[in-house]
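K.L.:
For reference, the chains in residue letters:
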Amino acid sequence: MTIVAVENLCKSYKSLTAVDDFSFAADKGEIVAIVGPDGAGKTSLFRTICGLIQFDAGDVTISGYDVSTRFDRIKPLLGYMPQTFSLYPDLSVEENLRFYAGLFGLTGSQFDHKKGPLYEFSGLGPFYDRRAGDLSGGMKQKLALSCALIHDPKVLILDEPTTGVDPLSRRQFWQILKQLQKQGATLIVSTPYMDEVALADRAIFMHQGKKLAEGPPDRLTERYRGKVYRVKVEPSTERVGQIMDIGNVDVRRFGAALHVYTSASTVDDRLIGQLAEIGIEPDRIEPIKAGLEDVFIQLMGN
Amino acid sequence: MVSHPVTIEGLTKKFGSFTAVDKISLEVNKGEIFGFLGANGAGKTTAIRMLCGLLLPTSGSGAVNGYDIYSENEKIKLSIGYMSQKFSLYGDLTGRENLKFYGAVYSLPDKELKERTEEVIDALELKSFIDRPAGSLPVGWRQRLALSAAILHRPAILFLDEPTGGVDPVFRRKFWEILYDLADQGTTLFVTTHYMDEAEFCRRISIMHRGRIIEIGSPQEVVARHHQRDLQETFITLISGRDADG
Chain G
6 MTIVAVENLC KSYKSLTAVD DFSFAADKGE IVAIVGPDGA GKTSLFRTIC GLIQFDAGDV
66 TISGYDVSTR FDRIKPLLGY MPQTFSLYPD LSVEENLRFY AGLFGLTGSQ FDHKKGPLYE
126 FSGLGPFYDR RAGDLSGGMK QKLALSCALI HDPKVLILDE PTTGVDPLSR RQFWQILKQL
186 QKQGATLIVS TPYMDEVALA DRAIFMHQGK KLAEGPPDRL TERYRGKVYR VKVEPSTERV
246 GQIMDIGNVD VRRFGAALHV YTSASTVDDR LIGQLAEIGI EPDRIEPIKA GLEDVFIQLM
306 GN
Chain B
572 MVSHPVTIEG LTKKFGSFTA VDKISLEVNK GEIFGFLGAN GAGKTTAIRM LCGLLLPTSG
632 SGAVNGYDIY SENEKIKLSI GYMSQKFSLY GDLTGRENLK FYGAVYSLPD KELKERTEEV
692 IDALELKSFI DRPAGSLPVG WRQRLALSAA ILHRPAILFL DEPTGGVDPV FRRKFWEILY
752 DLADQGTTLF VTTHYMDEAE FCRRISIMHR GRIIEIGSPQ EVVARHHQRD LQETFITLIS
812 GRDADG
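Residue numbers (the numbering used here), protein chains in the order written: chain G, 6 to 307; chain B, 572 to 817.
Treat the hints with care, since some could be wrong.
[Unchecked claim] One-sided excerpt, in silico: chain G residues whose CB lies under 8 Å from chain B:
1) Ala30
2) Lys33
3) Gly34
4) Pro87
5) Leu173
6) Arg257
7) Gly260
8) Met305
[As the list claims (entries may be wrong)] With a Cα cut of at most 25 Å, we get these calculated SDA-like pairs of lysine to any residue:
9) B:Lys745 with G:Arg244
10) G:Lys237 with B:Glu792
11) G:Lys187 with G:Thr242
12) B:Lys657 with G:Leu82
13) G:Lys237 with B:Leu625
14) G:Lys232 with B:Asp801
15) G:Lys237 with B:Lys585
16) B:Lys698 with B:Met654
17) B:Lys594 with B:Ser659
18) G:Lys232 with G:Asp255
19) B:Lys745 with G:Phe126
20) G:Lys237 with B:Pro709
21) B:Lys745 with G:Ser91
22) B:Lys657 with G:Pro87
23) G:Lys237 with B:Met654
24) B:Lys601 with B:Thr617
25) B:Lys601 with B:Lys585
26) B:Lys601 with G:Asp200
27) B:Lys657 with G:Lys237
28) G:Lys187 with G:Lys294
29) B:Lys601 with G:Thr242
30) G:Lys216 with B:Arg774
31) G:Lys33 with G:Phe126
32) B:Lys585 with G:Val233
33) B:Lys698 with G:Gln213
34) G:Lys237 with B:Arg703
35) B:Lys745 with G:Arg136
36) B:Lys745 with G:Leu82
37) B:Lys745 with B:Glu603
38) B:Lys745 with G:Lys19
39) G:Lys19 with B:Gly674
40) G:Lys294 with B:Arg703
In case anyone wonders, no lab produced these hints; they're calculated from the structure. Even glycine gets a Cβ: it sits at the ideal position worked out from N, Cα and C.
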């Protein structure tokens, strides 16, 4: 069942086109990850879905209600976590939650009923009286998420919720998202971390307001045209130059080794021979799987 | 030129009863890319501030570029480069004007400043946006500009505190190519990041938890030691095994 439907959306700011004839849909209980470089239009897209900005053309509906005309019906369904820290740093954890509860019209007893489960899954219970400004990065993000969840929204729009957060806190954050998904929520998340994209049901690559690619993350990695090799040699500038000189390859330094990217037209046996000619024996060369980031960069380059 | 631009022994910093950095010891080799990892709040920033001569330790010893971290911190400040995730440039000034400003901070003679400005514009490919106000640039470009300002005075060691936070994958890739070139020319790089794929670009890494260094070695060694699939899993296993305090 489609919950969020965006059709042929266009949004411009003066001469800048932020979202360019963009369409996508999210089903009930689905996590959709949106990935794109700075200025790809992700935040404009999210603000449009949340009814925060007017758009130029297209249709946006949530649970069948039109964002432009029936936002009163959409507001109770929707939770939005913007990219920038949206909490009051001088208020405590609980005061922030209470403030958001007030915004959504929860009564005192409704709030008391609601805060328990929120504390439980966020792990924020022991910190209920700590100032939000004194929380660690990961905990701030969990509090911001809890605030967005105060009215039990069915659709969650999360704009880079884990940027600047350490790997363990990011893992915990995604465990919460997965739990919400199990309870039937639909989540649309943007992130610069490809390991998070891999946890989504579907990924959409966005660039210059348009859709570059869309699909389940493990299917997207199959779109890489060419191959990737890990070459175990000293990753010096000189080595990079030597391999680049072979032509039709891209080289990237990767810790104590090099990654060599070939295009679809490369004959791999010949490449192995050419590498041997510059002193790189075949036993130092190992084919590896292209990652989501490799596919993304290749698609952006076209 | 010293062979170990960073040597610290038992370095400790206390704020009242709170121990932010707890007896850390470390040697970083010249020309090495060293990844200084840890969870939010583990004490990384406090440690870096001591290494940069901005904060005096409570106890322990150490030297950066051969200068003592207690008595020669002014010399340390002039001999290092520092760049953080936070935007450190003047938004109303153009890139070129920002570089001129940083040149003055480091007392570069006019002639040298001109030469170096052209060199960094070339090396970091800044030409297309160097004359635009820094505040108007996308994050990835700003970070490249901030890096150029940090290396203008040819520091022997560069401290990078989450330099790629909020930067998209294409820019991150470009940024790391530049870092590898710098390391290749002998600059030592001391980097913090929350991207574990970037941590794998480092020659050696350390993982900090609650003020202590709990693991150190090449990314491959560290992963193998804990029998994990990759650095991300190793990091999560190591930290979550020690506490569950979000």
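K.L.:
Mind checking the alpha carbons of Lys232 (chain G) and Asp801 (chain B) for me, to see if they're no more than 25 Å apart?
P.N.:
21 Å, holds
K.L.:
Run the distance test for Lys237 (chain G) versus Met654 (chain B): straight-line Cα separation, threshold 25 Å.
P.N.:
31 Å, violated
K.L.:
Hey, Lys232 (chain G) versus Asp255 (chain G), does the alpha-carbon distance stay inside 25 Å?
P.N.:
Holds, at about 11 Å.
K.L.:
Is the Cα-Cα distance between Lys745 (chain B) and Phe126 (chain G) 25 Å or less?
P.N.:
39 Å, violated
K.L.:
Given a cut of 8 Å on the nearest C-beta pair, is the interface hint for Lys33 (chain G) held or broken against chain B?
P.N.:
Nearest chain B Cβ about 29 Å off; hint violated.
K.L.:
Is the hinted pair Lys657 (chain B) and Lys237 (chain G) satisfied, with a Cα-Cα distance of at most 25 Å?
P.N.:
Roughly 35 Å between the alpha carbons, so the hint for Lys657 (chain B) and Lys237 (chain G) is violated.
K.L.:
Starting from Lys601 (chain B), check that the Cα of Lys585 (chain B) is at most 25 Å away, please.
P.N.:
29 Å, violated
K.L.:
Please work out if Lys657 (chain B) and Leu82 (chain G) have their alpha carbons no farther apart than 25 Å.
P.N.:
35 Å, violated
K.L.:
Given the hint that Lys698 (chain B) pairs with Met654 (chain B), does the C-alpha gap stay at or below 25 Å?
P.N.:
Roughly 20 Å between the alpha carbons, so the hint for Lys698 (chain B) and Met654 (chain B) holds.
K.L.:
Within 25 Å, alpha carbon to alpha carbon, are Lys745 (chain B) and Arg244 (chain G)?
P.N.:
Holds. Lys745 (chain B) to Arg244 (chain G) sits at ~18 Å (cutoff 25 Å).
K.L.:
Given the hint that Lys745 (chain B) pairs with Glu603 (chain B), does the C-alpha gap stay at or below 25 Å?
P.N.:
19 Å, holds
K.L.:
Holds or violated: are the alpha carbons of Lys745 (chain B) and Lys19 (chain G) at most 25 Å from each other?
P.N.:
30 Å, violated
The structure fails hints 1, 2, 3, 4, 11, 12, 13, 15, 17, 19, 20, 21, 23, 25, 26, 27, 28, 30, 32, 34, 35, 36, 38, 39 and 40 (numbered hints given earlier, in ascending order).
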